[in-house]
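Visitor: Each protein sequence line maps, in turn, to chains A and B.
Numbering follows this note's numbering, with no gaps: position 191 of the first sequence is 191.
Numbering follows this note's numbering, with no gaps: position 90 of the second sequence is 90.
By construction, these hints were calculated from the structure, which means they are not laboratory data.
For every residue, glycine included, the Cβ atom is placed at its ideal position computed from N, Cα and C.
You may find that some hints are simply not true.
[Said to hold, decoys possible] Keeping only pairs whose Cα atoms sit at most 25 angstroms apart, straight-line, the calculated DSS-like set for lysine-lysine is:
#1 A:K815 - B:K50
#2 B:K50 - A:K617
#3 A:K431 - B:K50
#4 A:K460 - B:K50
#5 B:K50 - A:K604
#6 A:K15 - A:K319
[Stated by the list, open to error] Over 10 angstroms on every C-beta distance to chain A, these chain B residues come out as not near it, computed from the model:
#7 N5
#8 A22
#9 I40
#10 A76
#11 G78
#12 T96
#13 D98
[Claimed, not checked] Examples of chain A residues toward chain B, derived with CB under 8 angstroms:
#14 C268
#15 R553
#16 D554
#17 I566
#18 K815
#19 S817
#20 L818
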Amino acid sequence: MIQQNTIRDTPLTRKRLVVIGNGMAGARFVEDLIAADPSHGFDISMFGDEPYGNYNRILLSNVLNGSQDAKEIFLNPLGWYEENAVTLHAGKRVTKIDREAKIAYADGVEEAYDTLVFATGSRPFVPPIAGTSLHGVFVFRTLDDCRNIADYAKDCKKAVVIGGGLLGLEAAKGLMTHNVAVTVVEMGPWLMGVQLDADGGKVLQQTIEKLGITALTSASTKEFVGDETNRVKGVKFADGSIVECDMVVVSAGIRPNKELGAECGLTCDRAIVVDDTLQTNDPDIFGVGECVQHRGMVYGLVAPIWEQTKTLALRLTGKNPDALYTGSKLATKLKVMGVELASMGRISDVKPTDEVVTFAEPAREVYWKAIVRDGKVSACCMLGDLGPADDLVDFFMTEKPAPSRRLELFFSAGSQVHGHEISLADLPDAKQICDCNGVCKGTIVKAIQAGKTSVPMVGKATRAGTGCGSCKKMIAGLIEAVAGAVKADPSESWYVPAVPLDKPTLVAEVKKRGLKSVSAVLCELATHEDEKSKNGLASMLKGIWGTEYIDERDARFINDRVHANIQNDGTFSVIPRIYGGVTTADDLIRFGEVAKKYNVPMVKLTGGQRIDLLGIKKDDLPKVWADLGMPSGMAYTKALRTVKTCVGSEFCRYGTNDSTKLGIALEKRFQGFEFPAKVKLGVSGCPRNCAESTVKDVGVVATEGGEWEILVGGAAGAHVRRTDSLCRVKTQDEALKVIGRFLVYYRDNAKWIERTYDFVPRLGIENLRKIIVEDSLGIGAELDAEAEKTIAAYVDPWLERDNPVFAGQFEETRKVSLPMVV
Amino acid sequence: MLTLNRIALCQLDELPVGLGRAFEVDGLPLAVFRTRAGRIFAVDGICPHKCGPLADGMLAGDSVVCPYHAFRFEGATGACDQAGTCDIATYPVEVTDDGVFVTI
Numbered sequence: 001m002i003q004q005n006t007i008r009d010t011p012l013t014r015k016r017l018v019v020i021g022n023g024m025a026g027a028r029f030v031e032d033l034i035a036a037d038p039s040h041g042f043d044i045s046m047f048g049d050e051p052y053g054n055y056n057r058i059l060l061s062n063v064l065n066g067s068q069d070a071k072e073i074f075l076n077p078l079g080w081y082e083e084n085a086v087t088l089h090a091g092k093r094v095t096k097i098d099r100e101a102k103i104a105y106a107d108g109v110e111e112a113y114d115t116l117v118f119a120t121g122s123r124p125f126v127p128p129i130a131g132t133s134l135h136g137v138f139v140f141r142t143l144d145d146c147r148n149i150a151d152y153a154k155d156c157k158k159a160v161v162i163g164g165g166l167l168g169l170e171a172a173k174g175l176m177t178h179n180v181a182v183t184v185v186e187m188g189p190w191l192m193g194v195q196l197d198a199d200g201g202k203v204l205q206q207t208i209e210k211l212g213i214t215a216l217t218s219a220s221t222k223e224f225v226g227d228e229t230n231r232v233k234g235v236k237f238a239d240g241s242i243v244e245c246d247m248v249v250v251s252a253g254i255r256p257n258k259e260l261g262a263e264c265g266l267t268c269d270r271a272i273v274v275d276d277t278l279q280t281n282d283p284d285i286f287g288v289g290e291c292v293q294h295r296g297m298v299y300g301l302v303a304p305i306w307e308q309t310k311t312l313a314l315r316l317t318g319k320n321p322d323a324l325y326t327g328s329k330l331a332t333k334l335k336v337m338g339v340e341l342a343s344m345g346r347i348s349d350v351k352p353t354d355e356v357v358t359f360a361e362p363a364r365e366v367y368w369k370a371i372v373r374d375g376k377v378s379a380c381c382m383l384g385d386l387g388p389a390d391d392l393v394d395f396f397m398t399e400k401p402a403p404s405r406r407l408e409l410f411f412s413a414g415s416q417v418h419g420h421e422i423s424l425a426d427l428p429d430a431k432q433i434c435d436c437n438g439v440c441k442g443t444i445v446k447a448i449q450a451g452k453t454s455v456p457m458v459g460k461a462t463r464a465g466t467g468c469g470s471c472k473k474m475i476a477g478l479i480e481a482v483a484g485a486v487k488a489d490p491s492e493s494w495y496v497p498a499v500p501l502d503k504p505t506l507v508a509e510v511k512k513r514g515l516k517s518v519s520a521v522l523c524e525l526a527t528h529e530d531e532k533s534k535n536g537l538a539s540m541l542k543g544i545w546g547t548e549y550i551d552e553r554d555a556r557f558i559n560d561r562v563h564a565n566i567q568n569d570g571t572f573s574v575i576p577r578i579y580g581g582v583t584t585a586d587d588l589i590r591f592g593e594v595a596k597k598y599n600v601p602m603v604k605l606t607g608g609q610r611i612d613l614l615g616i617k618k619d620d621l622p623k624v625w626a627d628l629g630m631p632s633g634m635a636y637t638k639a640l641r642t643v644k645t646c647v648g649s650e651f652c653r654y655g656t657n658d659s660t661k662l663g664i665a666l667e668k669r670f671q672g673f674e675f676p677a678k679v680k681l682g683v684s685g686c687p688r689n690c691a692e693s694t695v696k697d698v699g700v701v702a703t704e705g706g707e708w709e710i711l712v713g714g715a716a717g718a719h720v721r722r723t724d725s726l727c728r729v730k731t732q733d734e735a736l737k738v739i740g741r742f743l744v745y746y747r748d749n750a751k752w753i754e755r756t757y758d759f760v761p762r763l764g765i766e767n768l769r770k771i772i773v774e775d776s777l778g779i780g781a782e783l784d785a786e787a788e789k790t791i792a793a794y795v796d797p798w799l800e801r802d803n804p805v806f807a808g809q810f811e812e813t814r815k816v817s818l819p820m821v822v
Numbered sequence: 001m002l003t004l005n006r007i008a009l010c011q012l013d014e015l016p017v018g019l020g021r022a023f024e025v026d027g028l029p030l031a032v033f034r035t036r037a038g039r040i041f042a043v044d045g046i047c048p049h050k051c052g053p054l055a056d057g058m059l060a061g062d063s064v065v066c067p068y069h070a071f072r073f074e075g076a077t078g079a080c081d082q083a084g085t086c087d088i089a090t091y092p093v094e095v096t097d098d099g100v101f102v103t104i
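With the rest of the complex left out, here is chain B (with noise of 0.2 angstroms):
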């Protein structure tokens, strides 16, 4: 059976403008993600491609450019621009006060 959880990653101070932290949530990898203008997004933290750690990565606007062959993947979909690498999968976000949750 799927369940979804909610958890709390961090505070919102510990993502730095405009780059990526990799978090491991129970074993998955995830790369989250504080745009220049304001948005958070969290994807899977590793690149289908060779492995590449996305949090690594740059934002170019909203997607994200593995730092390993600049395979590109939106920040909101998860889709690839290059064919035949899959999409990755992205996984909602939340800000309170009480800082950053991800559900996944």
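Isolated chain A (complex conformation) (with noise of 0.2 angstroms):
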């Protein structure tokens, strides 16, 4: 029998994805998928061995040692497959495979597919000695293992961990919280061998002994002795010594779950083989994670993995269907018992050409070892005090050349920044992260264990991150910290949070249903209704109908209805248009008038070299403005704002070219732009950049020689962000025409509130360079086009003084009185 799901729409276009796993692969790679494309057309099912949604297998250990109660560390929970309409068979066990046929048969369940996914990770290995099977003996794996664990060691005393890998070492310390006296017993010369060389591997033990734990290294344990009722007393070695205890934790690594696509005749090795497109050898059988085996390497760690599943989703959606995975270097940063260890590359992997540099600080169990090879860093690993943790990181993933003095590996003049930097995790709980709505570190720590395991998630439950949102990494870096990883969230695709559309997918279907007004698409395609969604779609659809584009006044924040910015007394700030700065004497004359006029409490000069008359009472609005018979400067809306300049060849000794009259020009033409968020210009005379074009979203700076440099996406705000370099042309002409192809593509390509200093980055600028200069993609005469049209429809919005568009538009409060009689 085949299930059914539910019936969708067009369900003769619809492909059926089986996902065989449900663990930290398996989940990632469906929630990878959905976040590629929300609109994926596949039929979702997935199988999980465990009878639960997935949860972060990483933080195992916390709920060992008691730290983090089960239920927080569920990634997915079952509702969340139901949300996203994905078949979940909890409990059951994919048992057999016909390729042929394409089924997939799980105990009494069969799905057929069109594609499948093996993600069937792996399982503790159990090295083939006498007693496994005693009670008291337990593997460390999954959450059960766990639950168990922690009963059993409420009656005991004395426990071995066999192994002293990362997993090892994490059990020891579960178990340590259990008041249980703990032994580590490690086959290999030293603990953390994949991690450590042998004198790291001292340092750690050294660490760890004076926390009470015991290690015994080049240990072979040869039997797991048992008393007359089958529980475990003691372990004993290949020397014939023996160490009492009570239980016995056995995690000796990890072997991956390869049976089943062994058995249906998938290409196997030590996993199952996948290539760079993660394909196994029968094109329509894919494999991710622990379960496979990719050039050679199987990875155990969950960043590598990651990679995987979003190539893997990235390739199935179609949104990248070129997408490969080459392998990953592998780094981490890691904090085992308390000690803080980074790890980078094979470090036992040492060539008689290589050069070792160490340091150590045996007093403060500091440990720091690098290897490079061919001037390049290709391994390293520090213990104890990870300073110069991040430049090691930054050369050993770069390949960049090593530094010819090898010892500013460790004490370069950056590492040492590095080095005074604190840590997320030890930022104290009352340091406040989100300046904008002082939120701090403790209130986003409690979301994040509370679920809320996404930056919106975090956002929408305690405020942070969603004023000016520069706050925003640190807030990712929390849930690393906290959570082990940032969930991927579908709405961060969409263009507004109310329609759960990306960009180009939302303008397709509003070109297609022919919505002109922002009621007409919240009515046909949202979800629920928000300020923030009807300004942002009030803003695409003016720019994708112009003329046409039905303008509903309620789609408009109060500083866009009345054309001013609101004030925290109630009352609006008046900005004109001075193009490039430049003003003259009866202007400024008519300036002071007008403040005379209307009692301006303040008269202030704006950063961006324009006058601010604030403090102007809304009913006075369509009055200063007539008044003052200037065009509107936009400063309250999210367009094209200023264009500052520097005095330039004019009157300058340095100036090269003429920035004011190229200022001007730019302003003239591109006034009343809109843009999904604010857009500031520069233009310098000479590269000493007096306009600080280099922290504009478009900046302009004359070069010796007669050229203009054109910069894009800067920021000197709550963002500082210095641009990229667009290109040089020679004409004032030519810098307007490829001005204008970069505002239009930004307008119509950014997501909203998205500023150039993040559009400019998330393209790239060599991509943007082909597009907007050598026009690889064929549209510059579009975009041209487009420009002219915009530039013709424009027309000062305060010239609404003399007709207001709706009842009350510039009126103040009214007043009414109660009647006289009672």
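Given two chains presented individually in distinct reference frames, assemble the corresponding complex, making use of the accompanying hints.
Guide: What follows is the structure in structure tokens.
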């Protein structure tokens, strides 16, 4: 019998995707798939061995040591599968695959597939020794294992952990919290043989022995010895010695679950073999996670596995059909029993020609070692103090040349700066993270622990990150520190929160259905109604439909309804255009007269070389505009704001070109252009850059030799970013043309409220240069035409002073008296 | 003693569709909204957070969003979506051929 999923609107085109495995790889893959394309055409079914939704295995040791409750480590509760229309067969193990008929069989359930993904993971390796079936011998792998170990430990005094790797040490730490004396037994000559060398292993051993854990290395376990009731009472070693104990936890590595794959004829070695497309030898079967072997490597850490799941999601959704997974460079930072440890590459892989750079500070239990091969960092381990670890990771990942004075690997000016940085985990709970909304670290951490594991979820729960957004990276960092990883959130790709579509899909849908007003879009496509979505849709629809757009004023924020910026006392600010920051005596006199006539409480010069009249009452706005007789500077809205200039060659001794002339031309040409976020321009007459063009959305700098350098994507607000150089042009006309293309392209492709400083790095400056300058997409003429169309459509919004467009547009609070008669 | 007063505010077409207008009835600031669906409601005119003028806010469905910091209040109940911020009062509104009336 084939299970039917919910009936879809287009059943014929949908494909059946079956995922075997509901662990960190399987579930992450499905999340990535949904995030990559929320309208993916798959009916998804998943099989999971365990009877739960999926959980974060990395945090199991926290459950064991009691610092987290089991329910806190669930990544996706059962409800998640329902919400995302994923059929989950929990507690069902797939026992057979029929590749001919394309059906997966599990106890009592069959699922036909078009595409099958193996994410069967791995299982603990239990060495073939006598006594593994005794009571009190456990493996440490699943949530159930954790519970069983914790229960059993209550009645125990002494425990032995077999395996001195990462997981073994985590298990030892967990057992300590149950007041059990722990001995860790490692077969190899030192602890954490994968991440550390012999000296590092010794340093780690000293550190953990101070915590009260005994570590035996080069110890080969022969047998678990039991008493008459079949309870374990000791561990016997090859040399005949015995360590007494009441319980044993085996954590001796993992073995990939490849058997199901092997049985149905997939090529297997140590694990199921996949190529760079993550495909097995069957073109309809793919694999991700610990069950696969890629270019000879089997990965057991999450970072490479998540690279795999992302790549496969991009390929299968067609979002990037050419995505390849070419292997991962492993660089990890861990905390083992309170000891900080960084590891990259294979530290045990040393050739005679390699240079080994080490630094040790025994008193503080600090040990650093880097291997330099062919002038590059090929591996490194650091213990006790991770001061320069970020620099080393950078050297390792980018393969850039190591400094010729090798000691600078550890002791560069840069690393000292890093050394003073406080890590997020060490910040006190009272430290304010979101300065806009005054949200402290402790509040955010609580939200994350309550399951809010994406930045938007944290924002919804605490408001953190919902102001200027500059703290979002720190929030993401906190999520990583607390929950292990930031959860993919499909809503991050949506243009606005109320319509679950990304911008290109939304634009296509709006055009197809001919939706010309915000209320029409909300009515047909939205899940709910909110103010952000209304604003965003208004901006987008105006861009799409131009003069055909049905302009509903209730979709506008107050500033855009009255063409002025609301202030904290309910009054407004008025900033007219002063093109290029160049004014005249007559205009200044008029400013003065208006300020006097309306008793303007504050007259302020702005950072953008304009004049701001603050404290204007709503019903005075039309009169002030009329008396000024100048067009709106649009300083209240998401549009072209100022064009800041320096004096340039007209007067400046250093000026090499006429920056004021270009600035005025730019502002006159692009005034009235509306964008997904505000846009500020700057033009500097020489590389001294007095107009601060290198931190503008679009900056222009004159160069010696008469050229203009066009810069894009800068910022100097809550976020500071230096612009990227787009190109150089020779004439003012060329500058106007290139900038026009960039502005239109940004307007039509950026997400709502995405400033150029996020847009430019998201697309990449090389990519943008190809599109804007080299016209690689062949849309140059279209962009030019769109710019001309928008220029022609410009109307000064302040002209509404003569004809208000809705009742009460420029009216103050209406006062009503109580009737006299009671 | 509490006395209820039924006050004539304005004519219906003086309330713009989808937006609010500010009134002050004997010193009491009111924000009166007319949703696209045709519902009319009146709430306190001042946001309890930082005194934002709610009549200048936007409607999100049947809720009003303060123009200052986007605190949101339900039009029907006055309930605020932010913990720690008090709800606002709501006032019954009546629309007849003679105009819009509020009871305070």
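Visitor: Within 25 angstroms, alpha carbon to alpha carbon, are K815 (chain A) and K50 (chain B)?
Guide: Given that 25 angstroms is the threshold and the Cα spacing comes to 22 angstroms, the pair holds.
Visitor: Against chain B, with CB atoms and a cut of 8 angstroms, does the hint on I566 (chain A) hold up?
Guide: With Cβ-Cβ at 6 angstroms, under 8 angstroms, it holds.
Visitor: Taking 10 angstroms as the cut and beta carbons as the points, is N5 (chain B) off the interface with chain A?
Guide: violated, 6 angstroms
Visitor: Regarding the pair K460 (chain A) and K50 (chain B), is the alpha-carbon distance no greater than 25 angstroms?
Guide: holds, 20 angstroms
Visitor: Hinted pair, alpha-carbon criterion (25 angstroms max): K431 (chain A), K50 (chain B). Please report holds or violated.
Guide: The hint holds at about 24 angstroms.
Visitor: Does A22 (chain B) really sit off the interface, with its C-beta more than 10 angstroms from all C-beta atoms of chain A?
Guide: The claim is violated: A22 (chain B) sits with its nearest Cβ about 4 angstroms from chain A, within 10 angstroms.
Visitor: Regarding the pair K50 (chain B) and K617 (chain A), is the alpha-carbon distance no greater than 25 angstroms?
Guide: Between K50 (chain B) and K617 (chain A) the Cα gap is close to 19 angstroms, so the pair holds against 25 angstroms.
Visitor: Is the straight-line distance between the alpha-carbon of K50 (chain B) and that of K604 (chain A) 25 angstroms or less?
Guide: Distance ~24 angstroms between K50 (chain B) and K604 (chain A) Cα, so the pair holds.
Visitor: Is the interface hint for D554 (chain A) satisfied, with its Cβ closer than 8 angstroms to some Cβ of chain B?
Guide: holds, 3 angstroms
Visitor: Over 10 angstroms to the closest beta carbon of chain A is the bar; see if D98 (chain B) clears it.
Guide: holds, 14 angstroms
Visitor: Minimum Cβ distance from R553 (chain A) to chain B below 8 angstroms?
Guide: OK, holds: R553 (chain A) within 8 angstroms of chain B, min 7 angstroms.
Visitor: Using 8 angstroms as the Cβ threshold, decide whether C268 (chain A) counts as touching chain B.
Guide: With Cβ-Cβ at 54 angstroms, over 8 angstroms, it is violated.
Hint check: violations occur at hints 7, 8 and 14; the rest are consistent with the structure.
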